[in-house]
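Visitor: Spelled out from the first residue to the last, the chains are:
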Amino acid sequence: MTAAATIRIQQADFDIAQEIAALTKGRSDVGAVVTFSGICRGSENGEPIAALTLEHYPGMAEAEIKRHTDEAMSRWPLTGLTVVHRVGRITPGENIVLVLAASAHRQAAFQAAEFLMDYLKANAPFWKREESAKGTSWIDARGHDDDAAARWTKS
Amino acid sequence: MRVKYFAWVRERIGISEEMVDPPAAVRTVDDLIGWLSERGETYAYAFEKPKVIRAAIDHTHVKSDAMISGAREIAFFPPMTGG
Chain R
1 MTAAATIRIQ QADFDIAQEI AALTKGRSDV GAVVTFSGIC RGSENGEPIA
51 ALTLEHYPGM AEAEIKRHTD EAMSRWPLTG LTVVHRVGRI TPGENIVLVL
101 AASAHRQAAF QAAEFLMDYL KANAPFWKRE ESAKGTSWID ARGHDDDAAA
151 RWTKS
Chain H
1 MRVKYFAWVR ERIGISEEMV DPPAAVRTVD DLIGWLSERG ETYAYAFEKP
51 KVIRAAIDHT HVKSDAMISG AREIAFFPPM TGG
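Protein chains in written order, with this note's numbering: chain R, 1 to 155; chain H, 1 to 83.
Be careful, since some hints might not be right.
[Claimed, not checked] With a Cα cut of at most 27 Å, we get these calculated DSSO-like pairs of lysine-lysine: (1) Lys66/R / Lys63/H; (2) Lys49/H / Lys134/R; (3) Lys49/H / Lys4/H; (4) Lys63/H / Lys4/H; (5) Lys51/H / Lys4/H; (6) Lys66/R / Lys25/R; (7) Lys49/H / Lys63/H; (8) Lys66/R / Lys4/H; (9) Lys63/H / Lys51/H.
[Unchecked claim] Derived list of chain H stretches under chain R, where covered just means 3 residues or more per stretch with a C-beta under 8 Å from a C-beta of chain R: (10) 5-17; (11) 52-65; (12) 74-83.
[Claimed, not checked] Quick list of simulated restraints, FRET-style, between CB atoms: (13) Pro23/H / Phe14/R: 43 to 49 Å; (14) Asp58/H / His105/R: 34 to 40 Å; (15) Gly93/R / Trp35/H: 43 to 49 Å; (16) Gly143/R / Glu73/H: 25 to 31 Å.
Think of the hints as simulated: they come from the structure by calculation, not from any bench. Bear in mind that the values here come from a model prediction, so they are computed numbers and not experimental data. Using N, Cα and C, we set each Cβ at its ideal position, and we do this for glycine too.
Go ahead and model the full structure; you've got the sequences and the hints to work with.
Guide: In structure tokens, the structure reads:
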């Protein structure tokens, strides 16, 4: 059975239990749901931060996430996929991103969730700016995010 | 074509998007960065390290040697830091 991914970019917070229920309610073919939620830390490189502000490229962000959910669907036998990415100002402790991968068995769900997060980190057009006592500054990209995405490339 | 700027590229240039009509000699993304850099100090500052800049044509990531002919929208931005 072919499942469609749910992709949302929004300012509002998300409810993880509600998002899981949307993938499992009324069906008996789902044996595993893996949840990844990314949360705003209270420090960056050892310095306390007051908030992050996330900017994105409307249109491309959705398209780029869809390219990756399509690839995940083709690589693993998934029954559902959900990606929710927040934008705007987010304070420490708040949710930033949610990836849910549902499948009959856990292995596909674990792998798809990790694949999606690695690709989102390196390729989805979002940018974080931090607010701290020193003012505001754009967070630098980390080389290891590119390395994490590259390990999923088929040789 | 429409050109869009994001994150610190947008802040340095001072605008988020504009319509441009480069001459025919401007064929690649790299050429366009060079041409835009000559429009003023804010552009030169934004593109001072062209190797750091990422580009997308019509919502798809492209390399700096990609041809721009036929593009409706080209975006320039720093490496991504989402997730």
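Visitor: Given that the segment 52-65 of chain H was listed as covered by chain R, double-check it with a C-beta distance under 8 Å for 3 or more residues.
Guide: holds (count 4)
Visitor: Are the Cα positions of Lys63/H and Lys4/H separated by 27 Å at most?
Guide: Given that 27 Å is the threshold and the Cα spacing comes to 16 Å, the pair holds.
Visitor: Is the listed coverage of the segment 5-17 of chain H by chain R valid when you require three or more residues with a beta carbon under 8 Å from a beta carbon of that chain?
Guide: As far as the segment 5-17 of chain H goes, the hint holds, because 3 residues have Cβ atoms under 8 Å from chain R.
Visitor: Holds or violated: Lys66/R and Lys63/H, Cα atoms, limit 27 Å.
Guide: holds, 20 Å
Visitor: Taking 8 Å as the Cβ threshold, is the statement that the segment 74-83 of chain H is covered by chain R upheld or broken by the three-residue rule?
Guide: holds (count 8)
Visitor: Sort out whether Lys51/H lies within 27 Å of Lys63/H, counting only the CA atoms.
Guide: holds, 10 Å
Visitor: Lys66/R and Lys4/H were given as a pair; does the straight-line alpha-carbon distance stay at or below 27 Å?
Guide: Cα-Cα ~21 Å, so holds.
Visitor: Does Lys4/H lie within 27 Å of Lys51/H when you go C-alpha to C-alpha?
Guide: With a Cα-Cα distance of about 18 Å, the restraint between Lys51/H and Lys4/H holds, given a limit of 27 Å.
Visitor: Go ahead and decide if the range 43 to 49 Å is satisfied by the Cβ distance of Gly93/R to Trp35/H.
Guide: holds, 45 Å
Visitor: Given the range 43 to 49 Å, decide if the beta-carbon distance of Pro23/H to Phe14/R lies inside it.
Guide: holds, 47 Å
Visitor: For Gly143/R and Glu73/H, compare the CB-CB distance with the range 25 to 31 Å and indicate the outcome.
Guide: holds, 28 Å
Visitor: Verify the proposed pairing of Lys49/H with Lys63/H, using a straight-line Cα cut of 27 Å.
Guide: holds, 15 Å
Of the numbered hints listed earlier, not one is contradicted by the structure.
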